[in-house]
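Hey, can you work out the whole structure from these sequences and the hints?
Taking our numbering as reference, the numbering of the sequence shown is continuous, increasing by one, and the terminal residue is 251.
Derived by calculation from the structure, the hints in this document are not laboratory data. Quick caveat, the model's predicted, so the values are computed rather than measured. Hints are not guaranteed to be accurate.
To be verified - Cross-link-like lysine-lysine pairs, in silico, DSS-like; alpha carbons within 27 Å at most:
1. K88 to K56
2. K140 to K56
3. K140 to K88
4. K88 to K179
5. K56 to K123
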Amino acid sequence: MARDDAHATVRRALLREKIHLKPGDPTRLTIPFEESPLGRSAWAPARALANLLKPLPVEMLQWWLAQPTGHAVIGGRSSFYQPGPMEIKRRTLVNVVRVAPLDIMKNRAAVWSALGGLFDHLLGCGGNPHGLWLSEGGGVTSAWKDVGERVQEFFHLGYAPEEATRSPRAYFAWGFAMYLTRRRELNVIDPLLERLLRTTVMDGRFWRRVTRDKRGG
35 MARDDAHATV RRALLREKIH LKPGDPTRLT IPFEESPLGR SAWAPARALA
85 NLLKPLPVEM LQWWLAQPTG HAVIGGRSSF YQPGPMEIKR RTLVNVVRVA
135 PLDIMKNRAA VWSALGGLFD HLLGCGGNPH GLWLSEGGGV TSAWKDVGER
185 VQEFFHLGYA PEEATRSPRA YFAWGFAMYL TRRRELNVID PLLERLLRTT
235 VMDGRFWRRV TRDKRGG
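Structure, rendered in structure tokens:
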């Protein structure tokens, strides 16, 4: 129960600090949510995105919350990760996941793929515009660098479908989305990547161990 409370607490904090609505027509943002339990509140899409984060380890969300960059902006017609600065509400956000409201309801794989890009960038080099992403062999700690090197290795094995073979970044985003939407299928297509995600990125124990090691170092 305490862990559930911690998860709810960090998701509320992400709503305040990291999840934003794109300025514009609020009605347009809420149209996909008219029939959902969240209703037509202007903040319904943001709450829906926060709810979508429930499968992620609480430690992962706490880490994201603590990062100086990395935001989600809801609006537009497609979901994607946009590295670099974005101006919104007289504020500059850096490293932004653009989330289409309709995708939150009907194409969650697209949302997860975009979020995968964000975590790939942040875990690889802290969101540095010139650093190596996790999937390119980067890593903000030695443990994460080991993970990144294994992602690189698995990418070159060529198990992924064509759309995920364009680059290591595309491969990681694909695997992240597959894990959270069609995990069994990922385990058939690319069992090495499924196991790696299960024992690192999606494992709260791994996050706690990495955090302890960093503090100890």
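Of the numbered hints stated earlier in the document, which are not met by this structure?
As far as the earlier hints go, not one is violated by this structure.
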